[in-house]
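**Q** Now for the letters of each chain:
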Amino acid sequence: MPAIDMQGLKKAFHERPVLHGVSLTVNQGDIYGFLGPNGSGKTTTLRLLLGILSPDEGRIAVLGMNPAVSGAQLHRRVNALPESHGLYGWMSSLAYLNFFGRLYGLTLSGGDYRARLRQVGLDPDDSRPVRTFSRGMKQRLGIARAMINDPEILFLDEPTNGLDPRGRREIHDLLLQLNREKGLTIMISTHILDDVERLCNRIGILEGGLVRYEGPLTDDSQSAVSYRFHLKDGAAVQSPWNFPGIALLERQDSWITCLIKEGSPAAAIKTLVLGGLPIIEAVAVSGGVEDLYLYYTQGGGL
Amino acid sequence: MNLWRPLIGKEIQEDFRSARGAFFLVVAALVLSVFAVLLVSNTELSLLDNAQAVYMMAGIVIALAALVAVLRGSDGFAGERDRQTLEPLLLAPINGSGLAAAKLCGILVSWLTLFILAIPYLWAVGSTGQNLFAAILYLFLAGTLIVLVFGGAALALSARMKTFKGVLSLGLTVLLLLGSPVLLGPSLRQSAVGRVLDLVNPFAAALNTLDSVIIDSQGLSWQLLRLAVMGSYGLAVLWWLYAATRRLEP
Numbered sequence: 001m002p003a004i005d006m007q008g009l010k011k012a013f014h015e016r017p018v019l020h021g022v023s024l025t026v027n028q029g030d031i032y033g034f035l036g037p038n039g040s041g042k043t044t045t046l047r048l049l050l051g052i053l054s055p056d057e058g059r060i061a062v063l064g065m066n067p068a069v070s071g072a073q074l075h076r077r078v079n080a081l082p083e084s085h086g087l088y089g090w091m092s093s094l095a096y097l098n099f100f101g102r103l104y105g106l107t108l109s110g111g112d113y114r115a116r117l118r119q120v121g122l123d124p125d126d127s128r129p130v131r132t133f134s135r136g137m138k139q140r141l142g143i144a145r146a147m148i149n150d151p152e153i154l155f156l157d158e159p160t161n162g163l164d165p166r167g168r169r170e171i172h173d174l175l176l177q178l179n180r181e182k183g184l185t186i187m188i189s190t191h192i193l194d195d196v197e198r199l200c201n202r203i204g205i206l207e208g209g210l211v212r213y214e215g216p217l218t219d220d221s222q223s224a225v226s227y228r229f230h231l232k233d234g235a236a237v238q239s240p241w242n243f244p245g246i247a248l249l250e251r252q253d254s255w256i257t258c259l260i261k262e263g264s265p266a267a268a269i270k271t272l273v274l275g276g277l278p279i280i281e282a283v284a285v286s287g288g289v290e291d292l293y294l295y296y297t298q299g300g301g302l
Numbered sequence: 001m002n003l004w005r006p007l008i009g010k011e012i013q014e015d016f017r018s019a020r021g022a023f024f025l026v027v028a029a030l031v032l033s034v035f036a037v038l039l040v041s042n043t044e045l046s047l048l049d050n051a052q053a054v055y056m057m058a059g060i061v062i063a064l065a066a067l068v069a070v071l072r073g074s075d076g077f078a079g080e081r082d083r084q085t086l087e088p089l090l091l092a093p094i095n096g097s098g099l100a101a102a103k104l105c106g107i108l109v110s111w112l113t114l115f116i117l118a119i120p121y122l123w124a125v126g127s128t129g130q131n132l133f134a135a136i137l138y139l140f141l142a143g144t145l146i147v148l149v150f151g152g153a154a155l156a157l158s159a160r161m162k163t164f165k166g167v168l169s170l171g172l173t174v175l176l177l178l179g180s181p182v183l184l185g186p187s188l189r190q191s192a193v194g195r196v197l198d199l200v201n202p203f204a205a206a207l208n209t210l211d212s213v214i215i216d217s218q219g220l221s222w223q224l225l226r227l228a229v230m231g232s233y234g235l236a237v238l239w240w241l242y243a244a245t246r247r248l249e250p
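Heads up: the protein sequence lines correspond to chains D and L, in order.
Quick note: the first sequence uses my numbering, first residue 1, plus one each step.
Quick note: the second sequence uses my numbering, first residue 1, plus one each step.
Derived by calculation from the structure, the hints in this document are not laboratory data.
Be aware that a few hints might be false.
To be verified - Below, simulated DSS-like cross-link-like pairs (lysine-lysine); rule was C-alpha separation at most 30 Å, straight line: (1) D:K138 / D:K182; (2) D:K270 / L:K162; (3) L:K162 / D:K10; (4) L:K165 / D:K270.
Looking at chain L on its own, in the form it has when it is part of the complex:
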């Protein structure tokens, strides 16, 4: 663990000190600002129920979290390989699993930064309504699991594939495929196929959890299955990541 610390520190510093990290934070803040302004000022959107507005904002944060996770995960090993900085890391007395764990911690810190950044926006659109605290709590929980699943999977791919672009393309494609069923209409989602897709899709599980908590005011017992789905994906991804990084090549 001691050897992970400097690496986690480096990952965090890259978030704030490198051009890429700073750029992403600015973009995330801009996206959240635009949506917050739309939710409170747009004629139609401002008519939304307060809980609906919080849910929409939380959904945007989950989407951004998945995007951050895929971006950071893709960059984890493949980006370092592209920049030719991976080899000196492989020469250090830390094994592939240790490097992966440190990088995953770095991705989770990026998510934490985004989450902290999102809180004022959630407060701005939902401070007068109910369930704001539960929304924030479940956003953190679902977001963390989503980041674990997508970040870990992108990191595992990044350990095996040679280029950042290749991993990113594949990661974003998978993210879009998993995200698209969420856009199905209510009737399709109520069909058998829709229900199965909702059940096995971690992205849908996260959004349905937020829907259930924020809009329907349902408690933890209603969320257990969805959280279990996301948790199972998380565990599977962690195992995959461990297997993929047992032998890292420059």
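Isolated chain D, as found in the complex:
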């Protein structure tokens, strides 16, 4: 059973549609990067997954539960770090964590809370009010709060926004450690591609209220590249295009541009040639998440 399964989700605010039918799947243990430009509906999607908002149409299952129906039950098993930290400035870090621990009905000892603060790199003896913390410290405390109930899925909305490179690296290391040691499924909404490349094994790209691309980000797919192929003059391109894992992006004269989503370029070329395309020249034109992102957020997935 996937950790998250969302099909055909639609949501509008004041009759202005934000999501037009979003479908995505996140497997247990994934670190899933949810990419998209500002205003594309990432935060709305996360809130729907958390049951904070209700969808207008579509089906959501998070750990097999419908968040809109079983919100309180689901919240015991998942947690999230919103883009804003949501900290009470007048509390100390220990008091803040203690407050949320009790709000979740947990019976943790003082030592447990202190250990959790240490785990995210905060000093439990620091009794200063949270409002005096740096942004990085606030982010760490937010993560400690989001981990308070040992969730099975952690949702993070722009977790490294505004952090310096060292702070970002530390947050990355922490999340990778949690994923490795606890098998935590993480869904990260971001438009910082460095986060995605360092953390994620799968991504979904949201643009204009639709998921334009969803796929793995393993070593193979990291080599997801665009290639331009020169075909023998007059060669016809089969219609409809029927090469799984290879998307036809553009055709111009005797050149075609393809996105090789799965497998190596060599394997893809072999598939195309065996499929009847008379390729006489192949040129790699791009690669990596950035190109994938730019391609799908510029209407390429339409």
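Once you've looked at the hints, dock chain L against the given chain D.
**A** For chain L alone, coordinates are given in the frame of chain D:
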């Protein structure tokens, strides 16, 4: 209920530890001090009958209670939304009604603090007169109902409206509208319109209860209708609050 406790605790701590809470307590103490000093030292006011002085002081406490209720209620959800602290609360395994109940308890504790703060002032202006005990008892009763009505209504608005300022503006406007008929002259208040306004206005019901108890020394049976009016508003507001917080959005 177990999950409400930390939230109620947080609401109470905010009253004393956050700058806003401390500021309000100081302001309330200052207002009560100024009125108490005026009542005992001002040439004209010091000529008032002892019961009149207690009634005036109790009226000020009721007005402050309604103000506290509107302020705290407006801040309840909309303020948390403004400060972006609402979303983590919505992620906790407690539903909207539970959050509302905890916040309403927090508002009632604020009222209790104000009430305790007011007792020495009531004693100072009315210790030598009659009905002081009844005044304190009915102040508590009417004040609690008023706080329930205004605090609950502000909280319900706060659950639905986006900004603290918006809720506060609307809440204070309603409070002023309900408070203004109290300022009508005796003849107008004795007219049919005045009587109807007095009957349906929870704020007027609270002040008339105190008037009846403190000045006219009337017993519980005389207060039942007014208490019923306030209680009915209280129940209606509780239902509204429940409906408004069934689906809270960040």
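**Q** All hints, please: hold or fail.
**A** Verification of the hints:
1. Straight-line distance between C-alpha atoms of K138 (chain D) and K182 (chain D) comes to about 23 Å, which keeps the hinted pair within the 30 Å bound.
2. A distance of roughly 58 Å separates the Cα atoms of K270 (chain D) and K162 (chain L); the hinted pair therefore is violated under the 30 Å criterion.
3. Restraint check for K162 (chain L) and K10 (chain D): the C-alpha separation of about 23 Å stays at or below 30 Å, so the hint holds.
4. Annotation: proposed proximity of K165 (chain L) to K270 (chain D) is violated, straight-line Cα distance about 65 Å (limit 30 Å).
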